[in-house]
Every structure is written in C-alpha cells, then in structure tokens.
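The residues making up each chain are set out below.
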Amino acid sequence: MEKIAAAVRERAKRALATGEVDRVFAWKRGEFWYDVTPAVFETADETDELLWDSFCVANLSKYLTGAVRQGFKVGVFVKGCDALAFNQLLQDNRISRENVRLFGLPCPGMVDPEKLKKAKRYRGVRAVARAGDVLALQGKHGEQQVEAPAYLYDKCLVCRHPNPVVYDELLAEPQPVRTPDSDRFALVNELEAMSAEEKFLFWQEQFDKCIRCNACRNICPACSCEKCIFDNGESGVAAKANADSCEEQFFHLIRAYHVAGRCVDCGECSRVCPAGIPLHLLNRKIIKDIQAIYGDYEAGLDPNVPAPLATYRLDDADPFDGHQKGGKK
Amino acid sequence: MKKIAKDRLPELLQKMAEAGKVYAPVNKGGKTNFSVWQPGDAADLTTLRSAVPAKSVLFPQSETYLRFAQQGKKLSIETVGGEADEYVLFGVRACDAKSFALLDKVFLSEPVDQFYASRRELGTVVAVACREPEDACFCRAFDIAADAPAGADVCVWDTGDDLFWLVQTEKGERLTARLAGLLEDAGAADDAALPALQAQIRAQLDELPLAALVAEKKHQALKQLFDDEQWLACSESCLGCGTCTYVCPTCHCYDIQDYDTGTGTERSRCWDSCMFSDFTQMAHGNPRKTQKERFRQRFMHKLVYYPNNYNEIACVGCGRCLEACPVNMNIVKVMKKIGGEAR
Amino acid sequence: MSCSCSTHKRDPLVPQVAVIDAMRVDTPDVTTFRVKKPAGGQAFSFMPGQCAMLSVPPVGEAIFSITSSPTEKEYMEFSIKRCGAVTDHLHALEAGTEIGIRGPYGNAFPVETALKGQDLLFIAGGIGLAPLRSVINYVLANRDQYGKVDIVYGARSASDLVHRQDLFETWPAAPATQVHLTIDRAEENWAGHVGFVPQFVKELGFSLDKTVLVCGPPIMIKFVLQGLEEIGFRRDQVYTTLELKMKCGVGKCGRCNIGDKYVCKDGPVFRCDELEALPDEY
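Protein chains in written order, with the numbering used here: chain S, 9 to 337; chain W, 6 to 348; chain Z, 731 to 1012.
Hint data in this document are derived by calculation from the structure and do not stem from the laboratory.
Quantities reported herein were computed from a predicted structural model and do not represent experimental measurements.
Beta carbons are placed, not taken as given, at the ideal position from N, Cα and C, and that holds for glycine.
Please note: incorrect hints may appear among the correct ones.
Unchecked claim - Ranges between beta-carbon positions, derived for each pair:
#1 W:Glu234 x Z:Glu1006: 54 to 62 Å
#2 W:Val219 x S:Asn107: 39 to 47 Å
#3 W:Ser81 x S:Ser203: 40 to 48 Å
#4 S:Glu151 x Z:Glu1006: 54 to 62 Å
Using the sequences plus the hints, can you model the full thing?
Okay, here's the thing in structure tokens:
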C-alpha cells in the first residue's frame, strides 16, 4: 500500500504542478495513526502531507459539489464506493463530469479502529502498515501482524465494488471482490423475518439513540439538497427538540425514502453515526426491494441508465398489486 | 478509604437506587450512555467515553419546561419538568467531571439557570478514574488528572478486583453513609496500592500520542485570531453536521422551541449546534453564511471567547470529537493551526 | 406564573402573562402593541434601549426592543414589523389577547451617565426608530437634563414612517427639538426631503460636539457610521444598537455573540469604538 501511496502523492503533485487541475481532493495525515482527514490541496508543495492508507475511509466525492460549482478544475481520488457516489451526484445533476479528473484507487477495504480497540489490538500502536491482507501494527514495543479482514469496516467486508466504476486513470491493480453480493442482504433478511412488532421494537431501540446530529445526512452522497426540509424552520418538521419520541423515526424514514433508488450503499451513514445506528439497513432493504420489483439496478453504476424510481414504464410492476410486503411476488 | 469487591457493583447500585435515581453508564443497542440504572442493568466501567457526554444528565438534550394553556384570549403558563429529587450520577470520568465546572460558569452565573442549578444541587457525582486511557485522550493538556478525578463527590478506582472508594465532599460523605453495609474499610495494603495504580495510569498518559499537546490560551488579539487565514483550510473538510457539538461535554448552546400538542403548547429547550446553517438564520439574513464562519465560531468559542469570559479553555480533552467526527477534523488540529503552528 | 412549588424557582426563561391592551397600525407592515400586566402597569422596570422577549404560543418567542419610555408607567409599547412566524402571528392577534413576556434584557443607552447634559443626535431608519423612541421620550420627559435634540429619520416611503404622531406633532413641539425627515424616493404629497439617511445626515451638517445614537437596517448603520466619521465625529461619540438572532436573552444559549460579547447581555447598545474591537460578524 505504501508504494501506491507514493504514486498517489506523485500524481497529485504533478497534477497541481502542471496546472492540470486547480485543486486536489485527497486525504491528509492527522495527529495519530487512524486520524486521517479529507483535505483540499492547492499547491504541489502541500502534497507531502497527502496520504493513502487503511484509514482513508471518508468519501471525497461530495466535496466536489462546491468546488465544481465555483468553476475549479479539480482532481479527486476515488475508491470504489466513492466512484459510485460520484456517478450518483452526476446523475442528480449536482456536479458535472467536465473539469473533474478522477484518479481511481482500487480499495483493499478500510480498517475500523474501533474493531482493533475491541480486540485489544489498539494499545500502543503508532502506525499501521499494510501488505495485501496483512496489517502490521507498529508500536513502541515492536510490531505485530494481524489479518486485515477481521478489522475491516463491516461495509468493506461486503463491498461489491472495491474498484472504481468510473475513473480517468487507475493508480493501482484492481482488487478482488471479497464476498458475493447476496451477503450484504444477510441482515436485511433477518429483519424481514421479524414480526412487525419485533421490527418496530428493533428500530425504536435504534432510533432512540439518535442525537439528531445530521452526520448521516451530511455525509450521504445522495443527500445533496441545497436546503434540507429538516433545516427549514418553516417546514414545521425541523424540530430539534424531540417533543415526541417519534421525531427521530420521521427523520430517518423520510431520509431513507428520499434517497431510495439513489442510495449507492456506500455505508457511510452507519459508519459516521455517533450513536451506532445501523442506518444502512433501511437503505439496503429498499435496494433489495427495488431489485426484486424492477430487476437489477444499481445506483451509481452508470449515470446514463434511467433510475427505476424516476422512470415510468407501462410494464412497471405495481408493488401495491402484484407484490406483497417485502417485495415478494 | 473504602472499598468493595467489583463483582458486588450491582448490589452497590441497587442500594443507591433505593434512595433515588441513579444515572450510570449502560450499554444499550451497542453504545454506552448514561441512563437511569434499572435492576439487571450492567454498569459499563470499561468504556471510557459514553457516546453522549454525561452533561446530558445536568442539561438534557431536550427538556420541556413550560406548558401554555390558552382559553379564548386568556393565557396561563405553568413551569414543568426539572429534577425534584436527589439522585446519583455514577461513573463519570475526570474529563466529564471537569466539564461540569465549565458548564457551571455559564449556567450558574447570573441570571442562574434554575433547571441546571437544581440538577446540579440534587446530584451526587461519583467519578471513576481512567484505568486505560485511549489514544484520542488529551485531558492532561488541561491539567485534568485522569488518575484522580477532581470536582466529584466520590472518587472510585477500578483495580480489576476491587473498587476503591474515596469520599471528596460532604455530599459524598452522605452517600457513603447510606452504603455503609456494603462498603468496607480499605486496609493498609489498599492504601499503598492506590498510589501505585495512579502512577501506572500516569505512565500510560505519558505514552499517549497527544501527551505533549499544550493547550494554552492564544496570545494574539481576538480579531487577529478571527481573521487567521487557516480557518478556511481547517473548515474545508467540515460537513456541517452537529456531531462534535453533541458529543462535546462543554458545548452548551441551546434552542427553544414551541410544540403544539393539539390541546396546548409545550415549550422545550434542546441542544443546538453552531455548526448548523440555521443557527443564526434570521428573517433578514444570516451573519454566518458559509461553513467556514460556523466552524470558526465553534472553535473561537472554545479557544478564545469562552476563555476571555471565564479564564479557561472550553475543552476537557475527552477526545470524543476526535473519535466521532465523520471526517476526523477536530479541536486538536485547530489548536495547532490557528494562531501559528503550536506544539 | 402559576407554579408555586419549591422545586421551581423562577427561571429566567419563564415568562409572565401580559395582555395586549391596544394595537395601532403604523404602516402596512408595522403595528405598535401596547402591553401591560393583566392588573395594569409595566410588566417590569427597564431602561431605554432594553429589550423584552414576547411569547405567542404555539409559534414561539422573539425578542423586541421596548419602544415606550420607562417614564410611561402604565404600559410598555413594541413597534413590530412583520417579518417572520412570530411577528405574523402577533399581527393577527386582537387587542385583549394575553401573551407571555420576559425581560428586561441587555444593557441600555447611557441616559443617566454619558448622555446627561449632551446635545443628542438621533439617526434612525425604518423600524430602527423603535428603540430610539424610548430614549427620545425619556429625554423629553426629563427635558432639562439634556441639551438640544435632533432627530433624523428616514423610511422607504411616507407611508412607512412609524410613530407619525410623535414625528409630526409631539416631538417638533418639544423644546429645543428638531425633527428632520426623509424618504427614499420622491412621491406625491411629500414636500419634505428625499434621499437616503446617510447622505441626509451629511447634508444637514451637524456640529461635531453632539452625541449620536443610530439605529436602522444594518446597511444604513454601516453607511451612517462611515459618513459620521467622514464629517469628523469620533467613534466614541456614537452609540448604536444591534440585533441578532436570540433565544435565551440571558447570554447562555450561545446564539447572539459577536466575538466574546453577547448582544442580548453585553449589548444590544454598543459604543462604536467598542464595536471596532469585535469581529465583523453581525
């Protein structure tokens, strides 16, 4: 991974030095081993701080909405999930393909520091090196090697597109897909098997933890409204005070439906949730249903393929008629 | 000093709960937070940081405090809510305990916030020393002793087998008296073990990645810091969510909202975030138009405005924002960038 | 407040009941509300420049400057422009309706100290006359303690001038008091001055020993301050009153700060040299 990191730095440096782009969106080294921040690089000199390692999990595509609007030529590094997000933003007319140079990065899956912490692999670590699926945890008292898959984010373990689906140039060899696509629906299947009451209790316990910080919404590449209805004081639904215990449920369910058919299943909503709510399961359930009702469609795969929920065809399935709850025929 | 075997903690909590509510860190749905302890709940003394800080007990995220009733043109106003009975807040860490002192400066200054004041008065705070500080911790930059929490009524140390119990205040004395049947006197060996345990904690603090961080008030003039050109670069990655503010034990901004219940009106106050675009939105405009201004406000408040008004930085180094920010932008990075590169 | 239990000491956020005694439509979008305690009298004592938080459930609360003078003991007045949810709701109420009120909030114009004995120049635009009217009437009620009074006031059109009775009858008739009116654009039946307030102030050419009190839309305040400086006024001779979004009114909710000052507590009245030390974020 270090070799690729050097190539990434080199490519960003060249793009800025030659004027190929005005700005590069990439990841920057932070205060300690898992502390990586998205950053904008404007000069070639700054790119020494640019980073590609196992903690570059944050999606950079959404940052383009501002920069592209301001008329900059931008370069951006995209992992597989970031590329899906990029395509979705294109399809939603939030960014344009011109003026963007896409540097593709096949992704081996990102490491969840929380999992290292839980496995007591965390103490004293100062740096994490990676070769394939072996993580070398380097600390004051030497190095220990662990298998990466045990410590990857859940979303990375069921990743179906580790390799960018769109790019101008690819900076590394493609990565294999870890699991069959069906695996990502395992938890959805479990939820579907619950009774209505069990489902309600499950989600109630989860939504009760919500602190309405909006992290899920603000990280989401499908949540790109200029002004969210929940930020509009005059909408009557902006309530930050949970006068009713169902306020959080409204928020998350409305959001899930608003991104229905546009969610690229990048899993960022669940990753960033400080309350640990598995929000992606709502979206995955909808993705599963869309696939069941309208056939194979994957948001973000190709911006030129019409989205089923945004297209009307006479032979469309009528889920209220031909399907029962859960999309079963 | 007193002590109790660690496996008898449920009995201890049960005994406390007989006299009133006990708030304790309990894992629910995968996250540990302070909630009212119920028999059968396992108090989580392993997780260092509750997802939501302990300030939520003194200053709830959302609390209804007024009820209006309208009949024709007549209006009546009734105060509701608040805490009426004594309670115990068990298991806060040194950083959270310190945050109470910082919140006090705001809420207990004139005119006193009565809802906060009564919760502060009625609560007995039991703090737990941090046995294993984590990489994002930097409380020591604020002279907070994770090995000997200050500002609590009782201090507890987890030795692995036992909980050492050291009374700090009269309130703590009263709580201890109520638990007399359970707490036993510590012996000479225990008295000797405590300093050793504390030294061991301090040794761990020395090893933390942010151990050398110096948090001192910036010397530059307010306007110079406000105009620092680094604000743009620092804020560019900010998503504008409120995670950092809601997980911060010292953030205290709130909103006030009316809710039409159908039969009357309830007025609540709830946490708010200066990171949100509508925070300062007025009918005729917004003085903070972009995320840069909102981001700057949050950190200027912590590092400059609050210190100007209350002589202390409004941060306790708990590390929650370092862990929770979706893009890992945080106060440490800001402290180092603004006002010149710091140590 | 109905609660008398010992756990509920009166919190600063808890309003008391007041009644809208009368409403006077001043302009198409400004109405002046006369508010008093149900038993009569001011809801609380205050000084000119201070504000009150008015509650109209279920819409909410908003802060308004008190436009009557504290010397008017029977009631308090608020001149309120329709510009949002709370103000829309207030305008739709009828006289006799009870509302919530809490305050007073903020500092006040230094009527008992720095302004004493001074020649005073009031400069207001639009609804910005509201807080200054409290000072003007206070000064006129204690006429012998202050010097000459000049009032420069402008609005978009003649029909947007608020407090017409004061402007055209009461104030011009007061001793050593002059009123200078202007409207933005010429219109029929207006024989007075036409033009913007900042320019009008320059044209009027006041002597530089006056103490100035300014209030109006932010853009007007900005240009008036610039103009005064050009003429030769020092910043420490000029006071203004600011408005930002507020919720608590007591310097805690963290919404109305400019730098380390809270408009609700340390303001709303600022001497302009004090403002210079603060960030330009208002």
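How the hints compare with the structure:
| no. | hint | in the structure |
| --- | --- | --- |
| 1 | W:Glu234 x Z:Glu1006: 54 to 62 Å | violated, 21 Å |
| 2 | W:Val219 x S:Asn107: 39 to 47 Å | holds, 43 Å |
| 3 | W:Ser81 x S:Ser203: 40 to 48 Å | holds, 45 Å |
| 4 | S:Glu151 x Z:Glu1006: 54 to 62 Å | holds, 58 Å |
In this structure, the one hint that does not hold is number 1.
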